[in-house]
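Participant: If you want the building blocks of each chain, they are given just below.
2 protein chains.
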Amino acid sequence: MISEKMIKMAEGGSAIRAMFEEGNRLSQKYGRENVYDFSIGNPNIPAPEKIREEIISIAENTDPMELHGYMSNAGYPFVRSAVAESLNRRFGTNFTGENIIMTVGAAGGLNIVLKTLLNPGDEVLVFSPYFLEYGNYVSNYDGVLKAVPASETDGFQPDAAALYSAVNEKTKAVIINNPNNPTGVIYSEEKIKELAAALEKRQAELGTSIYIISDEPYRELAYDGAEVPYITKYYKNTIVCYSWSKSLSLPGERIGYVVIPNDADDSALIVSAAVIANRILGFVNAPALQQRMVAACLDEKTDVGAYDRNRQTLYNGLKSAGFEPVYPSGAFYMWVKAPDGDDKAFSQRAKKYNILFVPGSSFACPGYVRIAYCVSHDMIVRSLPAFKKLGEEYGL
Amino acid sequence: MISEKMIKMAEGGSAIRAMFEEGNRLSQKYGRENVYDFSIGNPNIPAPEKIREEIISIAENTDPMELHGYMSNAGYPFVRSAVAESLNRRFGTNFTGENIIMTVGAAGGLNIVLKTLLNPGDEVLVFSPYFLEYGNYVSNYDGVLKAVPASETDGFQPDAAALYSAVNEKTKAVIINNPNNPTGVIYSEEKIKELAAALEKRQAELGTSIYIISDEPYRELAYDGAEVPYITKYYKNTIVCYSWSKSLSLPGERIGYVVIPNDADDSALIVSAAVIANRILGFVNAPALQQRMVAACLDEKTDVGAYDRNRQTLYNGLKSAGFEPVYPSGAFYMWVKAPDGDDKAFSQRAKKYNILFVPGSSFACPGYVRIAYCVSHDMIVRSLPAFKKLGEEYGL
Numbered sequence: 002m003i004s005e006k007m008i009k010m011a012e013g014g015s016a017i018r019a020m021f022e023e024g025n026r027l028s029q030k031y032g033r034e035n036v037y038d039f040s041i042g043n044p045n046i047p048a049p050e051k052i053r054e055e056i057i058s059i060a061e062n063t064d065p066m067e068l069h070g071y072m073s074n075a076g077y078p079f080v081r082s083a084v085a086e087s088l089n090r091r092f093g094t095n096f097t098g099e100n101i102i103m104t105v106g107a108a109g110g111l112n113i114v115l116k117t118l119l120n121p122g123d124e125v126l127v128f129s130p131y132f133l134e135y136g137n138y139v140s141n142y143d144g145v146l147k148a149v150p151a152s153e154t155d156g157f158q159p160d161a162a163a164l165y166s167a168v169n170e171k172t173k174a175v176i177i178n179n180p181n182n183p184t185g186v187i188y189s190e191e192k193i194k195e196l197a198a199a200l201e202k203r204q205a206e207l208g209t210s211i212y213i214i215s216d217e218p219y220r221e222l223a224y225d226g227a228e229v230p231y232i233t234k235y236y237k238n239t240i241v242c243y244s245w246s247k248s249l250s251l252p253g254e255r256i257g258y259v260v261i262p263n264d265a266d267d268s269a270l271i272v273s274a275a276v277i278a279n280r281i282l283g284f285v286n287a288p289a290l291q292q293r294m295v296a297a298c299l300d301e302k303t304d305v306g307a308y309d310r311n312r313q314t315l316y317n318g319l320k321s322a323g324f325e326p327v328y329p330s331g332a333f334y335m336w337v338k339a340p341d342g343d344d345k346a347f348s349q350r351a352k353k354y355n356i357l358f359v360p361g362s363s364f365a366c367p368g369y370v371r372i373a374y375c376v377s378h379d380m381i382v383r384s385l386p387a388f389k390k391l392g393e394e395y396g397l
Numbered sequence: 002m003i004s005e006k007m008i009k010m011a012e013g014g015s016a017i018r019a020m021f022e023e024g025n026r027l028s029q030k031y032g033r034e035n036v037y038d039f040s041i042g043n044p045n046i047p048a049p050e051k052i053r054e055e056i057i058s059i060a061e062n063t064d065p066m067e068l069h070g071y072m073s074n075a076g077y078p079f080v081r082s083a084v085a086e087s088l089n090r091r092f093g094t095n096f097t098g099e100n101i102i103m104t105v106g107a108a109g110g111l112n113i114v115l116k117t118l119l120n121p122g123d124e125v126l127v128f129s130p131y132f133l134e135y136g137n138y139v140s141n142y143d144g145v146l147k148a149v150p151a152s153e154t155d156g157f158q159p160d161a162a163a164l165y166s167a168v169n170e171k172t173k174a175v176i177i178n179n180p181n182n183p184t185g186v187i188y189s190e191e192k193i194k195e196l197a198a199a200l201e202k203r204q205a206e207l208g209t210s211i212y213i214i215s216d217e218p219y220r221e222l223a224y225d226g227a228e229v230p231y232i233t234k235y236y237k238n239t240i241v242c243y244s245w246s247k248s249l250s251l252p253g254e255r256i257g258y259v260v261i262p263n264d265a266d267d268s269a270l271i272v273s274a275a276v277i278a279n280r281i282l283g284f285v286n287a288p289a290l291q292q293r294m295v296a297a298c299l300d301e302k303t304d305v306g307a308y309d310r311n312r313q314t315l316y317n318g319l320k321s322a323g324f325e326p327v328y329p330s331g332a333f334y335m336w337v338k339a340p341d342g343d344d345k346a347f348s349q350r351a352k353k354y355n356i357l358f359v360p361g362s363s364f365a366c367p368g369y370v371r372i373a374y375c376v377s378h379d380m381i382v383r384s385l386p387a388f389k390k391l392g393e394e395y396g397l
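From first to last, the protein sequence lines are chains A and B.
In terms of the working numbering, the first sequence opens at residue 2 and continues consecutively.
In terms of the working numbering, the second sequence opens at residue 2 and continues consecutively.
It should be emphasised that the hints constitute simulated quantities derived from the structure, not laboratory data.
Do not rely on the hints blindly, as some may be mistaken.
Which copy is meant is left open, because identical chains are indistinguishable; a pair holds if it fits in one copy or across any two.
Claimed, not checked - Here are the computed lysine-lysine pairs in the BS3-like style, where the Cα-Cα straight-line distance is at most 30 Å: (1) Lys237 to Lys6; (2) Lys9 to Lys147; (3) Lys171 to Lys9; (4) Lys51 to Lys194; (5) Lys237 to Lys51; (6) Lys6 to Lys171; (7) Lys6 to Lys202.
Nothing here was measured: the structure is a model prediction, and the numbers come from that model.
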C-alpha cells in the first residue's frame with residue numbers, strides 16, 4: 002500500500018485544478034470564446050519585455066559553467082544582496098543578502114519555512130477564507146492548521162481578538178496572505194498593528210515564539226494607491242515568502258525568496274536550517290538562470306492598470322446584475338456572495354452559462370465564491386450578459 | 002523551539018558542502034591553481050552550445066504567456082511525450098507521456114516518489130556506500146533507511162543475497178544509483194537480474210509490493226562502451242528518477258523527470274499521487290523554460306571523452322603513486338582505499354598538500370575516499386606530484 006495520506010489526496014484532488022480541467026472541456030465543446038473561465042489565478046498580463054531581453058542577454062553573455070552550475074543552496078550571493086537592497090530601498094528595511102534565501106517560488110519558500118519551524122503537533126493559524134494548499138503544506142510537516150474566521154462584517158479584515166483567543170502554547174506560526182487570495186482584501190496598517198500587538202501579548206504570556214509567515218505573491222497588485230504594509234516593520238518574528246509568479250507573470254518558472262530578518266528569534270538558526278531544508282526537500286536551489294534574471298529585473302512591474310480595469314468592469318457588471326461582490330483593493334480576485342448562501346450550487350448554476358468560478362468552500366468559507374479576474378478584459382465584457390442571466394435565475 | 006530534527010541537521014551540516022567551503026578558503030589562501038579540489042560533483046564540462054541556442058530561441062519565439070505561465074503540475078504534455086519517445090527509441094521501452102512527470106531535478110523526483118510511497122515506519126533499503134542525502138529524503142516522510150553493504154570483494158557490485166535477507170514486511174522500496182556515486186561502478190546486467198529475482202521472490206513470499214527507485218543522474222556517463230541496463234525492463238515495480246544535471250551540465254537549473262511504468266503495481270494511483278506530491282511539496286511544476294529547452298535537446302550529449310581522459314590520467318597517477326583506486330566504469334567519481342584504512346585521517350592528511358576529497362564515512366562506508374574527477378584535466382596533472390608526496394607519507 003502506498004502512502005495512505007497520499008491515496009486520500011489522490012482521491013480528493015484539487016477543486017481549483019478540477020475547475021481548470023472543466024474549463025478546457027467546456028472550451029473544446031463550445032469554443033474558447035464562449036466560455037468564461039474565472040477559475041484560476043494564472044496571470045494574463047504577459048511578462049515585461051525586459052524579462053525576455055534579460056534571458057537572452059544572460060544566455061548570450063554568461064559562461065555556461067557559471068550560468069548553469071551549482072551555487073550555494075541559499076542562492077547566488079549577488080542575487081541575495083540585490084534582493085535585500087531592493088527591499089531596503091522600497092520599505093526602509095535593513096536587510097543584507099544573509100537574510101534572503103532564494104526559493105522555488107513562494108510555495109517552495111513556505112515549505113522550507115514550515116519544515117524549519119514545525120515539530121509534530123505544532124499548530125499554525127490562518128484567517129479563513131484561505132488558500133487551502135496551506136493545510137497541505139502544514140500537514141507535510143505533521144503540523145495542525147487551524148482557521149480563525151476573518152471578520153465578514155469588517156470586509157474580511159483579520160480579527161486580532163479572535164487570533165489572540167486562538168493562540169495556545171502549541172501555536173508556532175500564523176500564515177497571513179496580503180493582499181489576500183481569495184478575498185482581494187489588503188490588510189490595513191491598523192489591522193497589522195492590532196495583529197502584532199495581540200501576538201506580542203500572547204508571546205509574553207506564554208513565553209513562546211510565534212512567527213508570522215507572510216505569503217506575499219500579490220504584494221505588487223494593489224489598487225487606488227493602497228499601501229501594503231511590510232510586516233517585518235510591525236512584528237519582529239516575521240518571515241516573508243515572496244514569489245515573482247504574479248508580479249512579473251512568471252508562475253511556471255518557480256522563482257521567489259524568503260526573508261528571515263535578524264530581529265526574529267533564533268534568526269541565524271532559522272536561516273541555517275531553512276537552507277538545509279531547501280536542500281533536503283529536493284529543491285536544492287532556486288533555478289539558476291531565473292535567479293540571474295530576476296536580479297536584473299527587480300524594478301520591473303507588471304501592468305497593474307490592466308488588472309485594475311478588469312476589476313472595475315467586473316465589479317460594476319456584477320453590481321448591476323444584482324450580485325454583492327466585496328470591493329477588492331488588491332490581488333486579482335473578487336469575492337462574491339452566493340445569492341442564496343449556497344456557494345456550491347451557485348458555482349454549478351453558473352456553469353449552465355459557461356461561467357466558471359470557485360466556490361468559497363474551496364477556501365474554507367462557504368457562502369461566497371472567488372472570481373479570478375486575471376483574464377482578458379474582452380472576456381469580462383462578453384461574460385456580463387451571462388452573469389445578468391445568472392442573476393435573473395436568482396431573481397436579482 | 003524550531004523543528005528539533007532541523008536543529009540537529011543545522012548543527013551537523015553536510016560534510017561535502019563543508020569541504021566545498023574549505024576549498025574556497027584554501028583557494029583564497031594559496032591561489033586557486035595551487036588547490037586540488039576533488040570534493041564536489043559539479044560538472045566541469047560546459048553545457049552543449051545547443052542549450053544556449055535553444056534558450057535564446059525559446060525566449061525569442063515563444064509568447065511570454067505560454068512560456069512562463071502555469072501548466073499541468075506534471076509538466077507540459079508535449080515535453081512528457083518527447084521524453085517518453087526518446088526513452089522508447091533508446092531503450093526499447095513502451096512509455097507514453099502519461100508515464101512521465103517532469104520534476105525539479107532528480108532530488109525533487111526522489112522526494113515526490115518517497116512522499117507518494119511511504120507510510121511512517123516503512124523501510125527503504127540502499128546499498129552502501131551511498132549518497133547520504135537519501136537518508137534525509139527518506140526521513141522527510143518518516144521512513145527508515147537501512148543500508149545493505151555492496152560487495153567489496155566484487156568491486157562494489159550490489160549483493161542480491163544480502164538484499165534478499167534485508168527485505169522484510171516493512172520494506173517499501175530499494176534505492177539504487179547506477180552508475181554509482183560514490184564508487185563509479187556500473188551495475189552489470191547480471192547483477193540487475195539477480196536483484197530483480199531476489200525482489201520478485203521476496204514480494205511473492207511477503208505478498209507486498211517492493212519498488213526499485215532508480216536514481217539515474219549519471220546514466221549518460223559510461224566508459225569503455227559499457228551499457229547501463231534500463232531497470233524497468235528487468236523489474237516491473239521500478240520507478241526511475243532522472244536529471245539532466247550531470248548529463249547536460251545543468252545542475253543549477255533543477256530539471257529532471259520521473260518514470261512510472263504502467264506495469265508497476267498501483268501505477269495509475271502512483272502517478273496521480275506523485276503529481277499531487279509535486280504540487281503540495283511546493284515544487285508545483287518543473288521550471289517552465291527549462292522543460293521546453295530539454296525537450297529540444299534530448300539528443301544532446303556532454304563530452305564524456307573529457308571525463309574519460311580525466312579518469313585515465315587520475316587512475317594511472319594514483320596507481321603509480323601506490324594507491325588502490327577501484328577502476329570506475331561510470332559517473333565521474335573514483336573510489337580509493339585509504340592506505341591505512343582510516344578514511345578521515347587520509348582526507349585530513351591530503352589537505353596538507355592542498356588536496357581535497359571526501360571520506361567514505363560521508364557515504365556510510367569508512368575505509369575509502371571519493372575523488373570527484375569532474376575537474377580540469379590540467380588540475381589533475383598538476384595534482385599528481387602532490388598525490389605522490391601524500392603516498393610517500395604513507396610509505397607507498
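Participant: Should Lys9 paired with Lys147 be assigned to within, between, both, or neither, using CA atoms and 30 Å as the limit?
Facilitator: Result: close both inside a copy and across copies, 20 Å intra and 28 Å inter.
Participant: Within a copy, between copies, both or neither: which one fits Lys171 and Lys9 at a CA-CA cutoff of 30 Å?
Facilitator: both (26 Å within a copy, 21 Å between copies)
Participant: Is it within a copy, between copies, both, or neither that the alpha carbon of Lys51 lies no farther than 30 Å from that of Lys194?
Facilitator: neither (37 Å within a copy, 54 Å between copies)
Participant: Between copies, within a copy, both or neither: which fits Lys237 and Lys6 at Cα up to 30 Å?
Facilitator: Between copies, since 24 Å is at most 30 Å while 35 Å is not.
Participant: Between Lys237 and Lys51, at a C-alpha cutoff of 30 Å, which is it: within one copy, between copies, both, or neither?
Facilitator: neither (35 Å within a copy, 48 Å between copies)
Participant: For Lys6 and Lys171, with the copy left unspecified, which applies at a CA distance of at most 30 Å: within, between, both, or neither?
Facilitator: Both. Shortest intra-copy (23 Å) and inter-copy (17 Å) distances satisfy the 30 Å Cα cut-off.
Participant: For the identical chains here, do Lys6 and Lys202 meet the 30 Å Cα criterion within one copy, between copies, both, or neither?
Facilitator: between (37 Å within a copy, 29 Å between copies)
Of the numbered hints listed earlier, those contradicted by the structure are 4, 5.
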